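Student: Single-letter residue listing:
Number of protein chains: 2
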Amino acid sequence: MTGLLIIGDEILNGNVQDTNSSFAARLLFGNNIPVSTIHTVGDTEQAIKDGIANMFEKVDLLISTGGLGPTKDDITKTAIASYYNTALERNEEVLADLTARYAKRGLSLNELNQGQAMVPAIAEVIHNPVGTAPVFWIEQKGKTLITLPGVPGEMRYLLENVLLPRLREKFVTTAIVQKTINVIGIPESELAILLKNVDEEIEQAHTPTEHYKLAYLPNLNCIRLQITGSGGDKNQLEQKTAYFQKAIENAAGRFIFGYGDDSIASHIGKLLREGGATLSTAESCTGGYLAHLITAIAGSSDYYWGSIISYHNLVKEHELEVKPETLEKYGAVSEETCQEMLAGCLKKFGTTYALATTGIAGPGGETPGKPVGTVWIGVADKERSVTKSYFFNRSRADNIHLFAISALDMLRKFIKED
Amino acid sequence: MTGLLIIGDEILNGNVQDTNSSFAARLLFGNNIPVSTIHTVGDTEQAIKDGIANMFEKVDLLISTGGLGPTKDDITKTAIASYYNTALERNEEVLADLTARYAKRGLSLNELNQGQAMVPAIAEVIHNPVGTAPVFWIEQKGKTLITLPGVPGEMRYLLENVLLPRLREKFVTTAIVQKTINVIGIPESELAILLKNVDEEIEQAHTPTEHYKLAYLPNLNCIRLQITGSGGDKNQLEQKTAYFQKAIENAAGRFIFGYGDDSIASHIGKLLREGGATLSTAESCTGGYLAHLITAIAGSSDYYWGSIISYHNLVKEHELEVKPETLEKYGAVSEETCQEMLAGCLKKFGTTYALATTGIAGPGGETPGKPVGTVWIGVADKERSVTKSYFFNRSRADNIHLFAISALDMLRKFIKED
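From first to last, the protein sequence lines stand for chains C and X. For the first sequence, position 256 matches number 1703 in the working numbering, and the numbering has no gaps at all. For the second sequence, position 330 matches number 1777 in the working numbering, and the numbering has no gaps at all.
Chain C extracted, bound-state conformation:
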């Protein structure tokens, strides 16, 4: 069994969102080294030592992140030395490497960075090409401890590129197959009722060696359905999970927009690319977030032309030809304004499709009859247009996200009806 030990007061006081454990868990799971538990502890010697001892009661492989920086508040190294009853000693190889790397950039090692060359005597030191904190690999009594720095970029690089090949050799035991189906536009409990028969079939598919499971992973208005098969023979797992996926497609096909890592934005990208179509946007309340979701997809420049972000009403008038009378009479958050934004966007960019949003993300900006969370979204091509209003009642950030996701889903449906 494998565990992760996340070290840092900043995680325990909520000042930093830990993303390392999620990255590590996903990478390890995908490589058949599933993580069975994750513990987060603070930056004290006792908490770290207790954390290691507690985890080693359950796991054979323990990967820690954090507390390896050059500053005084980072004490993972000291705690590890104490846990293993070993000393910290200067590693000349690490020191020479750090000195050379600093010299290349015309810098000399300051005293704090020199301290990075002090390592627990019993540790195997693994070279860190992307930072100053060396990685330790310690094996004792059948238990393996690996320490990684907490800076996400470094941690990710080291785990994926430096450690993974060796971990795969030593720790892979069970076959795992996973299929993820991405669903939008149906509440979780309704979906579960649609899938009742499949769910039962999955539960009855267990054998003495194979185990199957269906998980519902809701996130705002999307749900990821995850079929996991583990144990036994990989081919057998592949066949059965593929069969279950087909059964889910038959039962809930019209709500499925993609598979695996597909996001609604990457799915839109595929649809546009397949159709040789192009897209532009006109955003008010989403303020660039819709464009960001679209352009977060590598290669989106092939189909996405650009956006007018018309936060100010004058920009709506000048850039999107929204009439002052329309803004005056119906307001910026209205079907009429949304329609004119769409028409202006299509005219300006000449793309196959245009997508427009205008709403109130909050917390301010409420007007009579238009509470915070109201949005008008529209999609159009040369022949037709659809506008629709939605209402969400969440934080500013969640509202912006829901507005943008809803816009992409409207575009998805619009394209499919073509």
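Honestly, the hints are just simulated from the structure, not real lab data. Where hints are given, some of them may not hold.
[What the hints assert, rightly or not] Straight-line Cα separation of at most 30 Å, DSBU-like style, residue types lysine-lysine; simulated pairs:
#1 X/Lys-1519 to C/Lys-1681
#2 X/Lys-1590 to C/Lys-1505
#3 X/Lys-1519 to X/Lys-1590
#4 C/Lys-1660 to X/Lys-1519
#5 X/Lys-1860 to C/Lys-1551
#6 X/Lys-1626 to X/Lys-1660
#7 X/Lys-1795 to C/Lys-1794
#8 C/Lys-1776 to X/Lys-1795
#9 C/Lys-1505 to X/Lys-1496
#10 X/Lys-1776 to C/Lys-1795
#11 C/Lys-1519 to X/Lys-1660
#12 C/Lys-1776 to C/Lys-1817
#13 C/Lys-1794 to C/Lys-1776
#14 X/Lys-1681 to C/Lys-1519
#15 X/Lys-1496 to C/Lys-1496
#16 X/Lys-1794 to C/Lys-1795
Please read all numbers here as calculations on a predicted model, not as lab measurements.
Use these hints to put chain X onto chain C, whose structure you have.
Tutor: This is chain X only, laid out in the frame that chain C set:
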């Protein structure tokens, strides 16, 4: 001591990023109920029971999240009943409430949602106004377990609005004062050297009852410096942490852009508002993310007018008056194009400042002499303009983030020099 138990296979296999623990930890810490450890376990009865038992060896208050949904994969309730040797029984009040809420929306309770009214017999049931999963509060042998649903919006609402007042009454013991200082543009180890004396002073400030600590929280190119004082008298903590903050300002003032929750975008907002100034943007590689960072700040419509997202070169030509010859001769990612984008943006929007980005976020798009991660960023007002190139060598998402943060930092410096 307080612990969080995060329940869900989707966290352990890395398919869902847990944000609940960070939210809960931050809220509790801010209310003097610091979290001392966080454990994540899977959706099996044994793992949940072991998790509770293990945590109760260390903590008196345990808050769990997750596994309370209506679908079969959610088994927290069953595990809790088993841990406490109690039965699940139907709670008529919960059932009546759910039925009434569904009826209001013209729906009848489906069988899965009816199951939400089954609760552990020994639990005090707390009404959940924002979802179907009731909250359980169980006290036994001096240990308190509280279960929250895993859906972030629900969990946040319940913890903050329903549970917090009661938790404050029962669990607040220690005074805590925290000051956060936000820094940009200096590496962590250099900053630590600047702050060496302050750091020592902080370490020597301990008394038998008071404890002080300085933490460095780096995140890409920003660092949050966090002074924490705990124990003893609140006024004393306030005074000493304020003194340390002043000492840090004296030592590293030119790198400080804000305090507490300030982001570089909210800081820019303050600067613009104070100066009665306005801003518009012209984005290529950042694809709306820069506008999103700016408009994520509530009230940004007071100073932010909008953006031209010119993903396609034709949009650069038509909307920002970038000359075809410039694109031809120097390429889209060049100082010359950046300067023309700036001029076009300023002319089009007539705002006080314009900010422009053009670069290669990757992984594709590399051209000779312009590797992935290259970006030109420019800022201008009517009198002057500055353009600068940066190079980052990270993932597409990180590059986009670093481009946008660097742009905001350039604007910050530009405004301060005014």
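Student: Please go over all the hints and tell whether each is borne out by the structure.
Tutor: Here is how each hint holds up against the structure:
With a C-alpha separation of about 25 Å, the suggested pairing of X/Lys-1519 with C/Lys-1681 holds against the 30 Å cut-off. For a cut-off of 30 Å, the pair hint linking X/Lys-1590 to C/Lys-1505 stands: about 24 Å separates their Cα positions. Under the criterion of a C-alpha separation no larger than 30 Å, the hint pairing X/Lys-1519 with X/Lys-1590 is consistent with the structure, at around 28 Å. Of the supplied pair hints, the one linking C/Lys-1660 and X/Lys-1519 holds, its CA atoms being roughly 10 Å apart against a limit of 30 Å.
For the proposed pair X/Lys-1860 and C/Lys-1551, the alpha carbon gap of about 29 Å is at most 30 Å, so the pair holds. Between X/Lys-1626 and X/Lys-1660 the alpha-carbon distance is near 11 Å, which keeps this suggested pair within the 30 Å criterion. Our distance criterion of 30 Å between C-alpha atoms is met by X/Lys-1795 and C/Lys-1794, whose separation comes to about 18 Å. For the hint pairing C/Lys-1776 with X/Lys-1795, the CA-to-CA distance comes to about 26 Å; that is within 30 Å, so the pair holds.
Distance check on the hinted pair: C/Lys-1505 and X/Lys-1496 sit about 14 Å apart at the alpha-carbon level, within 30 Å; holds. A hinted pair counts as satisfied when its Cα atoms are at most 30 Å apart, and X/Lys-1776 with C/Lys-1795 qualifies at roughly 26 Å. Between the alpha carbons of C/Lys-1519 and X/Lys-1660 the distance comes to roughly 10 Å, so the proposed pair stays at or under 30 Å and holds. Between C/Lys-1776 and C/Lys-1817 the CA atoms are separated by roughly 14 Å; this keeps the pair inside 30 Å, and the hint holds.
With a CA separation close to 23 Å, the supplied pair C/Lys-1794 and C/Lys-1776 stays within the 30 Å bound. Between X/Lys-1681 and C/Lys-1519, the direct Cα distance comes to roughly 25 Å. Compliance with the 30 Å bound is thereby established for this hinted pair. For the hint linking X/Lys-1496 to C/Lys-1496, the alpha-carbon distance of about 24 Å falls within 30 Å, and the restraint holds. Simply put, X/Lys-1794 and C/Lys-1795 have alpha-carbon atoms about 18 Å apart, close enough for the 30 Å limit, and the pair holds.
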